[in-house]
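Please build the complex by placing chain B on the supplied structure of chain A, with the hints as guidance.
Sequence order for the protein chains is A and B.
Just so we're aligned: 549 in the UniProt record's numbering is position 549 of the first sequence, and the numbers increase by one with no gaps anywhere.
Just so we're aligned: 789 in the UniProt record's numbering is position 789 of the second sequence, and the numbers increase by one with no gaps anywhere.
I should point out that these hints are in silico values taken from the structure, not numbers from a laboratory.
Hints may be right or wrong, so weigh each one.
A pair holds if it fits inside one copy or across any two, identical chains being indistinguishable in the list.
Simulated crosslink set (DSS-like; lysine-lysine; CA at most 27 Å straight-line) [claimed, not checked]:
no., residue 1, residue 2
1, K370, K349
2, K339, K693
3, K668, K356
4, K357, K370
5, K809, K797
6, K800, K605
7, K370, K392
8, K797, K392
9, K349, K800
10, K809, K356
11, K339, K349
12, K668, K809
13, K370, K668
14, K357, K459
Computed from a prediction, not measured in an experiment: that's the story for all the values here.
Here is what each chain is made of, one letter per residue.
Protein chains: 2
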Amino acid sequence: MPHLSHLFLCRRYHLKNFSTTTTTTTTTNTPVTRSPLYLPLSHPTFLIWAANTSLGKTLVSAGLAASFLLSESSSDPRKFLYLKPIQTGFPSDSDSSFVFRKLSHLSLRRQPHSPLFSSNHVLRASLPAANSVLGYGCGTSCERGMGNLGWYEERRVEGEGGSGAVSELVCKTLYAWREAVSPHLAAERESGVVEDAVVMDTLHNCLRVELEGAGDTRKEIDVFCVVESAGGVASPGPSGSLQCDLYRPLRLPAILVGDGRLGGISGTISAYESLKLRGYDIAAVVFEDHGLVNEVPLLSYLRNRVPVLVLPPVPEDLSNDLMEWFDESRGVFDSLKEKMLSAYSERIKRLRGMPKKAGEIFWWPFTQHKLVPEGAVTVIDSRYGENFAVFKAHNNEFITQQFDACASWWTQGPDATLQTELARDMGYAAARFGHVMFPENVYEPALECAELLLEGVGKGWASRAYFSDNGSTAIEIALKMAFRKFSFDHGLLSDFRKDNMAGRGVELMVLALRGSYHGDTLGAMEAQAPSSYTGFLQQPWYTGRGLFLDPPTVYMCNSTWNLALPEGFHLETSKLENIVIQGAGGMHMVDPLFQRVLANECRLKRIPVIFDEVFTGFWRLGKETAAELLCCAPDIACFGKLMTGGVIPFATTLATNAVFTSFLADSKLMALLHGHSYSGHAMGCTAAAKSIKWFKDPQTNLNVNSEGTSLRELWDEELVGQISSHPAVQRVVALGTLFALELRAEGSNAGYASLFASSLVQILREDGVWTRPLGNVIYLMCGPCTSPEICSHLLVKLYKGLEQFYQIKAY
Amino acid sequence: MPHLSHLFLCRRYHLKNFSTTTTTTTTTNTPVTRSPLYLPLSHPTFLIWAANTSLGKTLVSAGLAASFLLSESSSDPRKFLYLKPIQTGFPSDSDSSFVFRKLSHLSLRRQPHSPLFSSNHVLRASLPAANSVLGYGCGTSCERGMGNLGWYEERRVEGEGGSGAVSELVCKTLYAWREAVSPHLAAERESGVVEDAVVMDTLHNCLRVELEGAGDTRKEIDVFCVVESAGGVASPGPSGSLQCDLYRPLRLPAILVGDGRLGGISGTISAYESLKLRGYDIAAVVFEDHGLVNEVPLLSYLRNRVPVLVLPPVPEDLSNDLMEWFDESRGVFDSLKEKMLSAYSERIKRLRGMPKKAGEIFWWPFTQHKLVPEGAVTVIDSRYGENFAVFKAHNNEFITQQFDACASWWTQGPDATLQTELARDMGYAAARFGHVMFPENVYEPALECAELLLEGVGKGWASRAYFSDNGSTAIEIALKMAFRKFSFDHGLLSDFRKDNMAGRGVELMVLALRGSYHGDTLGAMEAQAPSSYTGFLQQPWYTGRGLFLDPPTVYMCNSTWNLALPEGFHLETSKLENIVIQGAGGMHMVDPLFQRVLANECRLKRIPVIFDEVFTGFWRLGKETAAELLCCAPDIACFGKLMTGGVIPFATTLATNAVFTSFLADSKLMALLHGHSYSGHAMGCTAAAKSIKWFKDPQTNLNVNSEGTSLRELWDEELVGQISSHPAVQRVVALGTLFALELRAEGSNAGYASLFASSLVQILREDGVWTRPLGNVIYLMCGPCTSPEICSHLLVKLYKGLEQFYQIKAY
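Next comes chain A alone, as it looks inside the complex:
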């Protein structure tokens, strides 16, 4: 046995005594308080998936390890990290042990290369799994749960070539169970559920330590890492979550091990699609040849986007040590490794170049480009529920997580589960309909969406749903409806029926609240009072066709609610627009009593009332519609933003039957001749139908009460009070999913154009909270499903940020 002479060291020992941790202590009620996502990008890291169980993921991992560590070309020391987060059938099945052993054998076989130090470490195991290794007796006193197993083995093989610097293979199994069944079953039977956040925590701590090391030295070494999943892409993990969902926050680039057998094309394509449906990028597909040339239809399906590699048939004889197979496969693994390395470097190169490129070719809305240096641009790699995954390039390059606290312009709401459901529904709707024309047609998503709107936010008053693309168009439509209704009610129509162009002398105006914002198309602008948004610099055609009132507002200061009174108002003319929170206008909470009185007064004078619920609709303020807070119904209301669960633009204008009938006549010219190419698009209707149901169902939204009528309180009263008493804070508003504060500021530091808040914004972003100020107003906006624990966490960070801000500004 000449091999043995190369073995420098082969030890196995237990790092620690076995100790169990009960389910209740390994899991947590507040997953958010765990360490935030941190994924180093300093070295290539891939997740190995398979279309089914037993397709050879571990062979692929071992082959890649060999290709990386045992190549003749490189004499520099290298490190290959193999992670198996979830292992069942342990210890008789141990993939990390397999990789460890095969590499030892291959390293003896393939010379010359650098000396190789290999280790295999099994971190945690269920009691039955630990028993099998250690011979523990399982008395009744044993607690259930996962224990620190600390099983460890290592070897060193001296290389005959290279500089003598030692390369390293690190194999780790993170969690192991004894029974060779699906992890969710094994966990259920042996340890109890292990929460996703716990597995992910262990995994990304492992990645951080092994890829970045303690100091800077490791960065000099070439490292390559693979994480190997268990079973197929959608096999459940130990909590019951599908693994493709479990690992999603890291969104590691994927390698898919396909199925080369009869019927395997289907399974491979479906697995590929399940990964795509969760936002993964697949760098390559690789599978074992079974003589069926499955690569041909796969390449055709993939349109050569993704490389497909074929491995030689694996010997069926179980006693075969596969050394010859690995030799035979060497070229394929070298090629696979090269493709992975080039996918990695392309990704990094792209991420690095994005801020500059963006600054060169984007024209961002509401952005003074001169004030956005390259370093201030946020590179968003993905979203997962309420969080962005953001690329950072400080000292090390890495992906980290930031809570989307501006709810991406108030559109966001879904948690990660709803996001996955919406993704599947978006794929379905695009496949079933794409977009189909709406007028005079009917199709399921549009009908279901209209039904849900009229049974939900329009309940009790609305009879018709008019679809458009965004809040601004919904407002333009609402105005056209209101003009017609007013004309109808006040006998203005008869003249114009004869001559549509007549009567330009009649001037219709809106009665609206100063500081309100309804959108940036001209009609919506005209319904706003003059402001920075409406000046000649922005739109010379703006005239401001309204009477604009200063409304009384409500706010908290020093833990006390206050009412700010206006100077008075007149109710003289044509139309009223009504809102509950003035969003873009600076997050002012308008006195609800004032609004109710105003709406009733208008109704008495037959002035149609429009509620602009584009921002407030769908639980933003703790109720499905803000009309519930006002306790009165409008004639017309506009919804958008969160209506689709924050996926795509879509809006609706709801109207009463009386408004609708003012457009009925024998002539088409009396109809509402307003539409957009994608009016009532199936994608938007599908997303809205899903989200509307999801948000109001206590089964899917834990924040909703059992009647489905209200959200529970999300912002901790005490923390809100504390913040409202902070010396840097002028006023605070907290309602539903919204928490807003106005910073104490004077002169040019106040108002929309102010950059006063920017240092606080930076502090918060560094702390994982992505906010965007409205001048000197800072807000946090969560989704209807966000847990109060997460909200408290955000408030704590905000308070800490305020302290720092206060120091800097030295009020």
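Structure of chain B alone, referenced to chain A:
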């Protein structure tokens, strides 16, 4: 053998001699000329899919047949139709034969029931498959291809109960190959490719004949039909297309046979997702129990939306006749059948009720509801490429196909393949991003989309991409850009920098073409000349802030191109908008020379030029951008509609660097303060990036020349000439994907409000062409990938329709 006494008849014979048909004659170059989709809905019809091969699809089919035909409760005669479109491994494997045999045995075993007449018919087979049955010698002279096999067997079992009326089991294999491999391989080796359209033709003819019969008698009988796929959901069919794509035009409701083995949860979920990604509805999941309680995670994943049924373990002993297993499974199959029946009746009930419900709660854009009776509402079940699948309820209820000849308000372009790709990409984008905030951020889809726009339609002139939601908003943004640029160039800015509100006295106007349409928001309306769309009845705030020119237009009449001259024009003031085809204005083709001269004149006077390419962009007129037809570049251009491949609303306004820099300053108030919640949404950017690349790549769009610069001629010159000479036709325009004609009409029969064309529209819809008139203008609009053969087919139908229309109108 007491069973035998019940056998009335058991015959097998060959209906015809075997005759082969060569590949070239079974396939076709113009699939569109095949009989259009026709799917009877008179009886429940389901497609049986499986997550993998060998999971028991045929057992499920047989179990359902037994449950339906052999129940004790019903004494009325019934018919069960079992179709196996694609069979490999024939004749040793024959699923239709298996169902036929098992049912015969079960019918003897389960008494009482009605007498049962069973038949099994194998229609077509490859020569090697036929040889195995018939003992044909395969000489070299034998042509390759599929032949009519005509293999037939039948049996009759007398029932002991019931009225004596005969129930029927009809089993059919449509295409059979000998080798037990994937159909695409078998076809390649034995018969050559069999086109999808050929398989589908045979299948839906079969469905039509068997479900609706020759006369009316069959309708009285309860019929239940299952179509069984081969292998897994994404296994290739005999052309190489995946079966989930092959069968998609019928979009039959699905039953998914899952995988109960270890690892089977993953495969089952992935298969489910592949079906959803193609727009299928799944009525139930059923699988064989392997003791792993796979139903628990499946139900959790499916959130109880879809029933999951578990079948008892199938005996592994191949000699077992499974009679006991079928008995044991009886309850499960009864329950499955009930779920299928109720899914069927719910679907039918919903489809029937949709027109009424739609008329009650929708408010359609551009629609006079008083003129839309319930019977005129089109129920769209789905889209497949350029075609709608439409529900009809004339005598029989059925799904048929209509070409979306109005391109759903000019948004549509994808063929079926692109639609599937877009569906997967939409799922991916929603899963990876949903929507993330755009300003000051960068993410891959937005960057890629901007790059493609600037390298494509903006090449050579544009430097910045501004994103918004639709054509109307893109125009509002373009106007704001143009106002600023004009003010900058003409020294108007200095005053307003000091006082944003100053200088309302300065009135900026647009120079635009009469008859143009740019959208329905007020700003876009103001840039249009007064028309039916802009009167007091529609928007009392409209004033028409422009100088409007009557442009010269180009059209064909009597096979001759003509130029209609305007009275003249002035170039006096501030701004010009420019378009090539006036779409909504009545499909006028404006003289390109005129436009080029006008644009150049404006440039000399430093008047910014806007191209509204919302309709014309992305190959509508045969070039990626209409600017190529005009041979001049604008300062600003708007794109939308087809930009996303017709999936979702998304628009862009491109601008030169000079326009962009007129917004650069130290103050945020100088920035373009216009935005929409979903500005630059990831879904739209993803769809646009995919579509832009797809349409211009000669690999994916066969209409594009090898340089990727022009579409080939789609409208047959001779047919166009013929139509232009028709006495009912005033003028014709044919360019790129557009063919339009104006019907000869006078007085109130002409213009937008006219209903003159409605009888022609009805004629065309009955003939499978879904058009929507613009007053007395009728147009056909195809996609950039639509084949010239399909276009010719549409022109022929249009000509036929004109003939009929001419008779009715008796000009």
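Verification of the hints:
1. K370 - K349: Intra 25 Å, inter 60 Å, cutoff 27 Å: intra-copy only.
2. K339 - K693: Result: close only across copies, 24 Å inter versus 44 Å intra.
3. K668 - K356: Only across copies: K668 and K356 sit 21 Å apart there, 52 Å inside one copy, limit 27 Å.
4. K357 - K370: This pair counts as within: shortest intra-copy Cα distance 15 Å, inter-copy 53 Å.
5. K809 - K797: within (18 Å within a copy, 75 Å between copies)
6. K800 - K605: neither (51 Å within a copy, 57 Å between copies)
7. K370 - K392: The answer is within: 22 Å in one copy meets 27 Å, while 59 Å across copies does not.
8. K797 - K392: So K797 and K392 pass the 27 Å test inside one copy only (20 Å; across, 59 Å).
9. K349 - K800: Intra 35 Å, inter 59 Å, cutoff 27 Å: neither.
10. K809 - K356: This pair counts as neither: shortest intra-copy Cα distance 31 Å, inter-copy 64 Å.
11. K339 - K349: within (15 Å within a copy, 53 Å between copies)
12. K668 - K809: Result: close only across copies, 22 Å inter versus 62 Å intra.
13. K370 - K668: For K370 and K668, only the inter-copy Cα distance (9 Å) is at most 27 Å; the intra-copy one is 49 Å.
14. K357 - K459: between (48 Å within a copy, 16 Å between copies)
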